[in-house]
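A.B. asks: Whole structure, please, built from the sequences with the hints as guidance.
From first to last, the protein sequence lines are chains U and P.
Using this note's numbering, read the first sequence as starting at 1 and increasing by one per residue.
Using this note's numbering, read the second sequence as starting at 1 and increasing by one per residue.
Please note that the accuracy of each hint is not assured.
As the list claims (entries may be wrong) - Straight-line alpha carbon distances no greater than 16 Å define the calculated EDC-like cross-link-like pairs of lysine to aspartate or glutamate that follow:
#  : chain 1 : residue 1 : chain 2 : residue 2
1  : U       : 254       : P       : 7
2  : U       : 30        : P       : 109
3  : U       : 34        : P       : 145
4  : P       : 122       : P       : 109
5  : U       : 30        : P       : 217
6  : U       : 34        : P       : 143
7  : P       : 189       : P       : 217
8  : U       : 34        : P       : 109
9  : P       : 197       : P       : 237
10 : P       : 86        : P       : 7
11 : P       : 41        : P       : 81
12 : U       : 30        : P       : 102
13 : P       : 188       : P       : 178
14 : U       : 34        : P       : 104
15 : P       : 188       : P       : 137
16 : U       : 30        : P       : 143
17 : P       : 56        : P       : 214
18 : U       : 30        : P       : 145
19 : P       : 26        : U       : 202
20 : P       : 27        : U       : 174
21 : U       : 101       : P       : 178
Said to hold, decoys possible - Partial list, derived from the structure: chain U residues whose beta carbon lies under 7 Å from chain P:
#  : residue
22 : 19
23 : 23
24 : 31
25 : 104
26 : 173
27 : 261
Derived from the structure by calculation, the hints contain no laboratory data.
Every residue, glycine too, gets a C-beta built ideally from N, C-alpha and C.
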Amino acid sequence: MRHSRILSNFLQRYSYTINVLLALAWKDIKIRYKKSLLGFFWSLLSPLIFLTIFILVFKKAFPELENYPLFVLTGIIYWNFFSTTTAQILISVTASARLLKSIAIPSIVYPAATALASAFNFIMSLIPFALLFVLLGGKFTYHLLFIFPVTVLFALFILGLSLVLTSLNVYFSDVGILWNSILPALLYFTPIAYPSSLIPPEYAGIVQLNPLYHYAIAIREVLYWNRIPSLELWLKISAIALFSFFLGYNVFRKLERYFISSI
Amino acid sequence: MRETIIELRNVYVNFFIQKYGINSLKKYFLSLGKQKLFEQKQVLKGINLDIYKGEKFGIVGINGAGKTTLLRVLAGIIRPDRGQIKVYGRVAPLLGLGVGLELELSGRENIGLCGTLMGLSKSDIRYLTREIIEFSELGEAIDMEVKRYSSGMLARLGFAVTTAVLESEKAEILIIDEALSVGDAGFKKKCKERMDKICQSGATIILVSHTEGEMREICDRIGCMENGTISRIGNTDEIFDYYSDRF
Numbered sequence: 001m002r003h004s005r006i007l008s009n010f011l012q013r014y015s016y017t018i019n020v021l022l023a024l025a026w027k028d029i030k031i032r033y034k035k036s037l038l039g040f041f042w043s044l045l046s047p048l049i050f051l052t053i054f055i056l057v058f059k060k061a062f063p064e065l066e067n068y069p070l071f072v073l074t075g076i077i078y079w080n081f082f083s084t085t086t087a088q089i090l091i092s093v094t095a096s097a098r099l100l101k102s103i104a105i106p107s108i109v110y111p112a113a114t115a116l117a118s119a120f121n122f123i124m125s126l127i128p129f130a131l132l133f134v135l136l137g138g139k140f141t142y143h144l145l146f147i148f149p150v151t152v153l154f155a156l157f158i159l160g161l162s163l164v165l166t167s168l169n170v171y172f173s174d175v176g177i178l179w180n181s182i183l184p185a186l187l188y189f190t191p192i193a194y195p196s197s198l199i200p201p202e203y204a205g206i207v208q209l210n211p212l213y214h215y216a217i218a219i220r221e222v223l224y225w226n227r228i229p230s231l232e233l234w235l236k237i238s239a240i241a242l243f244s245f246f247l248g249y250n251v252f253r254k255l256e257r258y259f260i261s262s263i
Numbered sequence: 001m002r003e004t005i006i007e008l009r010n011v012y013v014n015f016f017i018q019k020y021g022i023n024s025l026k027k028y029f030l031s032l033g034k035q036k037l038f039e040q041k042q043v044l045k046g047i048n049l050d051i052y053k054g055e056k057f058g059i060v061g062i063n064g065a066g067k068t069t070l071l072r073v074l075a076g077i078i079r080p081d082r083g084q085i086k087v088y089g090r091v092a093p094l095l096g097l098g099v100g101l102e103l104e105l106s107g108r109e110n111i112g113l114c115g116t117l118m119g120l121s122k123s124d125i126r127y128l129t130r131e132i133i134e135f136s137e138l139g140e141a142i143d144m145e146v147k148r149y150s151s152g153m154l155a156r157l158g159f160a161v162t163t164a165v166l167e168s169e170k171a172e173i174l175i176i177d178e179a180l181s182v183g184d185a186g187f188k189k190k191c192k193e194r195m196d197k198i199c200q201s202g203a204t205i206i207l208v209s210h211t212e213g214e215m216r217e218i219c220d221r222i223g224c225m226e227n228g229t230i231s232r233i234g235n236t237d238e239i240f241d242y243y244s245d246r247f
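C.D. replies: Right, here's the structure in full:
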């Protein structure tokens, strides 16, 4: 009698957790699109401003790039994904403080829900970006299919990193502020607005310590150069993604124990 | 013979508290790592408690005695560091008014969201929505964004959602932190009627309140918490005599 009860309790708990996850993600999406489509267009404003500035300032700076506007666009799309997603997930737990103290679901549901909403927003942002891609002379070849696995690996990397930041942000309230001031520096440290061939060879070692570097290269290979990334690059971005995800997950599980008393 | 529905054996809960209010990296680095970041504090110290099926159990105690932490342990939100807890039944989420209400969404959307957070299925929610709107007397305002509600309207929506969940759900154990009573005199009466109905439903209720009258009315048995332990359990009169003598 009690065994069947334990099983049904488990199933109930499981479906409850999934329902809450989806409801929270849906809530995030709804709030974002609430002010009609305007809210969505505002979120595109910042990458478009960056895009315009880079194109205006650097257009003639890199003669080795035949189509600099397209080059910047392909970088900015993914930079935008990275910067907005990390910033949003980072506050997911602290913003849900009351819920965290009131309902019995695993805390990881909060960043997971925000991650789902961010993924949805990214996919939506691809519609205008794809339009720009065509306008700026991007080519639709079968190589573009390889952007899917690259994007999944990049998302896994972002998720892991965000989980570390999120759990630290519960204990140290200025992690968010710190991260937002690091982000612009990271944008220039990563070959987004300039080709990686421009980096002096003596600094290559340092620059390649930046995990974003490898994703930027892979994304460019596919979207700009219409090439399939080398096996070495695939291995690198896969290893970074898996490492980041497992690190993030374990740090979060370790630190979540005392979330309630620190929030 | 009474059937036990909740069993706590020697339950300990520790908190990690930020020492000296160091809650930012800046402060930590400015102290040059000299200060210890966290200190461990024992919040529950060996709780033993049996709650029986259908019982209305109250918990009293001064602020900081550990009442809310105990409720969170019972609701499965905090796992004990040491000791055992057994719960033979479905526990409704820890209910406080307005938990989960999202200001940017409309009242109707909030019913859906809060319903899900409280563990209701889609069909339950569809079935309950009309009743909630009726009970809260919000009328057409239900499709307005909640941030435009007056505080009274907000409280009524919160109460209607929370208690509709209590009524509908087949949860066997309800945990209530602080009184659920809001609004003007007329609405307060409605609240009380609904609470009475819930209390008579046969569910096990665990209630924390600072209102002696409410506790006397609802509870069969009360536990008095002091400094992380349950110092005394007894019937309502006994505990209130003891409690008012001590504090």
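A.B. asks: Between residue 34 of chain U and residue 109 of chain P, is the straight-line Cα distance small enough, at 16 Å or below?
C.D. replies: With Cα atoms ~12 Å apart, residue 34 of chain U and residue 109 of chain P stay inside 16 Å; holds.
A.B. asks: Is the hint on residue 19 of chain U kept, meaning its closest Cβ partner in chain P is under 7 Å away?
C.D. replies: Cβ of residue 19 of chain U sits 5 Å from chain P, so the hint holds.
A.B. asks: Quick one, are residue 41 of chain P and residue 81 of chain P close enough, alpha carbons at most 16 Å?
C.D. replies: holds, 12 Å
A.B. asks: Does residue 26 of chain P pair with residue 202 of chain U here, judged by a C-alpha cut-off of 16 Å?
C.D. replies: violated, 34 Å
A.B. asks: Is the Cα-Cα distance between residue 30 of chain U and residue 143 of chain P 16 Å or less?
C.D. replies: Holds - the C-alpha atoms of residue 143 of chain P and residue 30 of chain U are around 15 Å apart, at most 16 Å.
A.B. asks: Holds or violated: are the alpha carbons of residue 122 of chain P and residue 109 of chain P at most 16 Å from each other?
C.D. replies: holds, 13 Å
A.B. asks: Does the alpha-carbon distance linking residue 30 of chain U and residue 145 of chain P stay inside the 16 Å limit?
C.D. replies: OK: residue 30 of chain U and residue 145 of chain P at ~12 Å, within 16 Å.
A.B. asks: Less than 7 Å between beta-carbons is the criterion; does residue 173 of chain U satisfy it with respect to chain P?
C.D. replies: holds, 5 Å
A.B. asks: Decide if the proposed pair is consistent with the structure: residue 30 of chain U and residue 109 of chain P, CA atoms, cutoff 16 Å inclusive.
C.D. replies: holds, 10 Å
A.B. asks: Quickly compare the C-alpha distance for residue 34 of chain U and residue 104 of chain P to 16 Å and report which way the hint goes.
C.D. replies: holds, 8 Å
A.B. asks: Check the hint pairing residue 188 of chain P with residue 137 of chain P against an upper bound of 16 Å on the C-alpha distance.
C.D. replies: holds, 13 Å
A.B. asks: Would you check the hint for residue 30 of chain U and residue 217 of chain P, treating anything up to 16 Å between C-alpha atoms as holding?
C.D. replies: At roughly 43 Å apart (the allowed maximum being 16 Å), residue 217 of chain P and residue 30 of chain U break the hint.
Checked against the numbered hints listed earlier, the structure breaks hints 1, 5, 9, 19; every other hint is satisfied.
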